[in-house]
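Generate coordinates for the entire structure from the input sequences, incorporating the hints supplied.
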Amino acid sequence: MGMHIAALQDVMNRNQVEVPSGVGSGVMLDVLQGFVHELRAAGLPVSMTENLDAMRGVEHIPLTDRDAFREVLAATLVKHFRHRRAFDTVFDVYFAYYSGGIGDGAEAGESDQMGESEEAGGVPGQQGSGGSGEGLSTEQLAEMLLSALMNADKDQLRQLAAMAVARFAGMEPGRPVGGTYYLYRTLRQLDFDGLSDRMMERSAAQGSGAEPEDDLAARFQKEEFEARLREFRELVESEIRRQLVADRGVEAMARTLRKPLPEDVDFMHASREEMQQLQRAIEPLTRALAARLAQRRRRRNRGQLDFRATVRHSLAFGGVPAEPKFKHPRPSKPEIMVVADISGSVASFARFTLQFVYAMAGQFSKVRSWVFIDGIDEVTRFFDESKELTEAVHRVNTEADVVWVDGHSDYGHAIEVFHQRHLHEVTSKTAIIFLGDARNNYHATQAWVLKELREKARRVYWLNPEPRGYWDTGDSVVSEYGVHCDGVYECRNLRQLERFVAAVIEL
Amino acid sequence: MAERFSSVDEVVDRLRGVDYLADTGIAGVVYLADRLEKPVLVEGPAGVGKTELAKAVAAISGSRLIRLQCYEGLDESKALYEWNYKKQLLRIQADREHETDWETVESDIFSDEFLLTRPLLEAIRAEEPIVLLIDEVDRVEIETEALLLEVLSDFQVSIPELGTIVGRQRPIVILTSNNTRELSEALKRRCLYLHIDYPELEREKEIVRVRVPEIEDELAEQNAQVVRSIRGLDIKKAPSISETIDWARTLLFLGHKSVDQQVLGETLHVLLKYQTDIAKARKELVDTKPVMGRS
Numbered sequence: 001m002g003m004h005i006a007a008l009q010d011v012m013n014r015n016q017v018e019v020p021s022g023v024g025s026g027v028m029l030d031v032l033q034g035f036v037h038e039l040r041a042a043g044l045p046v047s048m049t050e051n052l053d054a055m056r057g058v059e060h061i062p063l064t065d066r067d068a069f070r071e072v073l074a075a076t077l078v079k080h081f082r083h084r085r086a087f088d089t090v091f092d093v094y095f096a097y098y099s100g101g102i103g104d105g106a107e108a109g110e111s112d113q114m115g116e117s118e119e120a121g122g123v124p125g126q127q128g129s130g131g132s133g134e135g136l137s138t139e140q141l142a143e144m145l146l147s148a149l150m151n152a153d154k155d156q157l158r159q160l161a162a163m164a165v166a167r168f169a170g171m172e173p174g175r176p177v178g179g180t181y182y183l184y185r186t187l188r189q190l191d192f193d194g195l196s197d198r199m200m201e202r203s204a205a206q207g208s209g210a211e212p213e214d215d216l217a218a219r220f221q222k223e224e225f226e227a228r229l230r231e232f233r234e235l236v237e238s239e240i241r242r243q244l245v246a247d248r249g250v251e252a253m254a255r256t257l258r259k260p261l262p263e264d265v266d267f268m269h270a271s272r273e274e275m276q277q278l279q280r281a282i283e284p285l286t287r288a289l290a291a292r293l294a295q296r297r298r299r300r301n302r303g304q305l306d307f308r309a310t311v312r313h314s315l316a317f318g319g320v321p322a323e324p325k326f327k328h329p330r331p332s333k334p335e336i337m338v339v340a341d342i343s344g345s346v347a348s349f350a351r352f353t354l355q356f357v358y359a360m361a362g363q364f365s366k367v368r369s370w371v372f373i374d375g376i377d378e379v380t381r382f383f384d385e386s387k388e389l390t391e392a393v394h395r396v397n398t399e400a401d402v403v404w405v406d407g408h409s410d411y412g413h414a415i416e417v418f419h420q421r422h423l424h425e426v427t428s429k430t431a432i433i434f435l436g437d438a439r440n441n442y443h444a445t446q447a448w449v450l451k452e453l454r455e456k457a458r459r460v461y462w463l464n465p466e467p468r469g470y471w472d473t474g475d476s477v478v479s480e481y482g483v484h485c486d487g488v489y490e491c492r493n494l495r496q497l498e499r500f501v502a503a504v505i506e507l
Numbered sequence: 001m002a003e004r005f006s007s008v009d010e011v012v013d014r015l016r017g018v019d020y021l022a023d024t025g026i027a028g029v030v031y032l033a034d035r036l037e038k039p040v041l042v043e044g045p046a047g048v049g050k051t052e053l054a055k056a057v058a059a060i061s062g063s064r065l066i067r068l069q070c071y072e073g074l075d076e077s078k079a080l081y082e083w084n085y086k087k088q089l090l091r092i093q094a095d096r097e098h099e100t101d102w103e104t105v106e107s108d109i110f111s112d113e114f115l116l117t118r119p120l121l122e123a124i125r126a127e128e129p130i131v132l133l134i135d136e137v138d139r140v141e142i143e144t145e146a147l148l149l150e151v152l153s154d155f156q157v158s159i160p161e162l163g164t165i166v167g168r169q170r171p172i173v174i175l176t177s178n179n180t181r182e183l184s185e186a187l188k189r190r191c192l193y194l195h196i197d198y199p200e201l202e203r204e205k206e207i208v209r210v211r212v213p214e215i216e217d218e219l220a221e222q223n224a225q226v227v228r229s230i231r232g233l234d235i236k237k238a239p240s241i242s243e244t245i246d247w248a249r250t251l252l253f254l255g256h257k258s259v260d261q262q263v264l265g266e267t268l269h270v271l272l273k274y275q276t277d278i279a280k281a282r283k284e285l286v287d288t289k290p291v292m293g294r295s
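If you read the protein sequences in the order shown, they are chains A and B. For what it's worth, my numbering labels the leading residue of the first sequence as 1, then goes sequentially. For what it's worth, my numbering labels the leading residue of the second sequence as 1, then goes sequentially.
Just so you know, the hints here were simulated from the structure itself, not pulled from any lab data.
Simulated pairs of lysine-lysine, BS3-like, Cα-Cα distance not exceeding 27 Å:
1. K387/A with K237/B
2. K280/B with K222/A
3. K387/A with K283/B
4. K237/B with K55/B
5. K273/B with K387/A
6. K280/B with K237/B
7. K387/A with K280/B
8. K325/A with K87/B
9. K236/B with K387/A
10. K325/A with K78/B
11. K366/A with K237/B
12. K86/B with K325/A
13. K451/A with K429/A
14. K222/A with K283/B
15. K236/B with K333/A
16. K222/A with K236/B
17. K257/B with K222/A
18. K154/A with K222/A
19. K366/A with K236/B
20. K237/B with K222/A
21. K78/B with K327/A
Which residues of chain A face chain B? A few of them, derived with a C-beta cut under 8 Å, are:
22. S47
23. E71
24. A75
25. F81
26. P284
For every residue, glycine included, the Cβ atom is placed at its ideal position computed from N, Cα and C.
Rendered as structure tokens:
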């Protein structure tokens, strides 16, 4: 693969001005094949046609234009906006060698920019010190960064990102450490978290005519600064990535970057950033699911012949019943009871599932929910009272009364209490869904409860966020409950959750 | 066929000429669509200018815009063509006296005269340059999508009674989707893909300035800032570009030169359409005391 990159570089050099179509397309073919291979490895579906389109597409743009090149590949190869991030990462890594990078283009204007920053911030920057920033003290570097951020000077920020990485990341060749580690080190040295406040102070001190008169203006200022900081952070990230590729080679690097798509992120091991992605993905996903189900239901449920409508319609054809009309039966919607374990290890799973179910509430006649650890509490009221699902979920986590003895999961006790209080409310329309890993801390399972519930309920399901391979290991007793359920499903990510909810509604 | 544009920059410039401010991503895909003769599938939140893009592309390429608005239950007879059966019946009845033989009648009533062309067929048979807009394609059922495939990949359509009609030209085809459901792989494969998101601060500000020329620079800037801020909140329906523009017009109409908390509070309903969203934005932006300590 390294060869492919070199070859591409070669194509780039030969075709500085314009790519004559056809020339070097053999090489191009190889390079793109490699790239598509990486995309597929990252989980993006790329078909043969799309591959060919990309080939044809790049013939129409000057290859020296990196952005245009990226957009052509994106337009032809990525057909879902959720996949765009993954695409960009793979692109950055795969074509890292051929980025303009720091230095070349930007260097020419550098001394000028330094001059500017001196005026703006009064920094004793060193003229013409080149890209390395060797002669600068840490304070000087920080000061330059601050004024570059204040001026939103993109070229200088790019250089500073490179300098900061060179100086602070402490990257050593061959060291098997992830990019996040270097990112963390670099940002910490720059006091990244404090920068936003320092920028606000600076802007207040400069009082550059636009002293924020009210809170609104201050807020906008802060948001603008935070946007710039995000951009800078991305610069640092891509600089680190670039150096890692140089060190380890494209393939090794691409492998470490293979991040799951949002719908494949494991609930139990999601990072904070992934959690936010999941959070954002739920709403559109449920909306799409609801629309799809509604459509299918309308078409599928074709009932008996509607004699009246058929006759009436036949008048349009001179009394010939050319088009039979049918009645649309309206099946009763299921009533849902969700009983969720919210102890530490499975809390985020419970949260997402509750949110998902409530977002789909329109598809059910009624949704009620309970949460438990070793005590159990009904939380339906939070969802009824709160206007926002996120708010309701927050209240569930903070206000629900779920600790009975020691705050360690006790499925047996929880479902026994559930049985006592609510068995009489379970009807033949009710679907009961239990959420949890069934890790019972060796308490009594009380599995008979499920057996009795199942006799009265329409369906009883169990969703387990653990990989199937872990079931019934250690203190997991999922099978003891499972025998009394209509189905036990592995539910580790949004994709599986969506499939399950769709199936329940279809009943 | 002669290409419509010579470079991506030209597309940007010419779109700007009709008041559509495209970034290079958007312009790049339009350019590519022309060169590769492939349809473009445009996705993105409501109100970011997807339909506008089609109109703008039609304007800059001197083409007529033919629009197929999709909805649930859209079928062949509404999208492609339909036989005008009432007219056919009349024709048959009128013939009773003359006792014309069936062959003649048949070839007669299945001729062009009795064909009702719908947008897709109209586009295929068009003589003059056109841009075909298939709007909100996610609203049709997945089965109906199949209907589009032949048109999209070969720009032709088969009518059993008349044979295959091949398009005289390759128009620019733009499909839009609000992403209410996943489109089929087959459809996506045939299209270039463009996701338009809410614009960056600078671009939005420019859009406001172009659309509301009488606005002062400072107000346009505040405008864009407020909207960015609101979009950053966790709300049901973020303000679209057209709502930003409406709001700018409202402010001008009310004679405001700048936005402060009071003005924002009074006009929030122009930007946001849900009561809960308005309440949230009010709480975050209007009723707050200092967001940070000032030194």
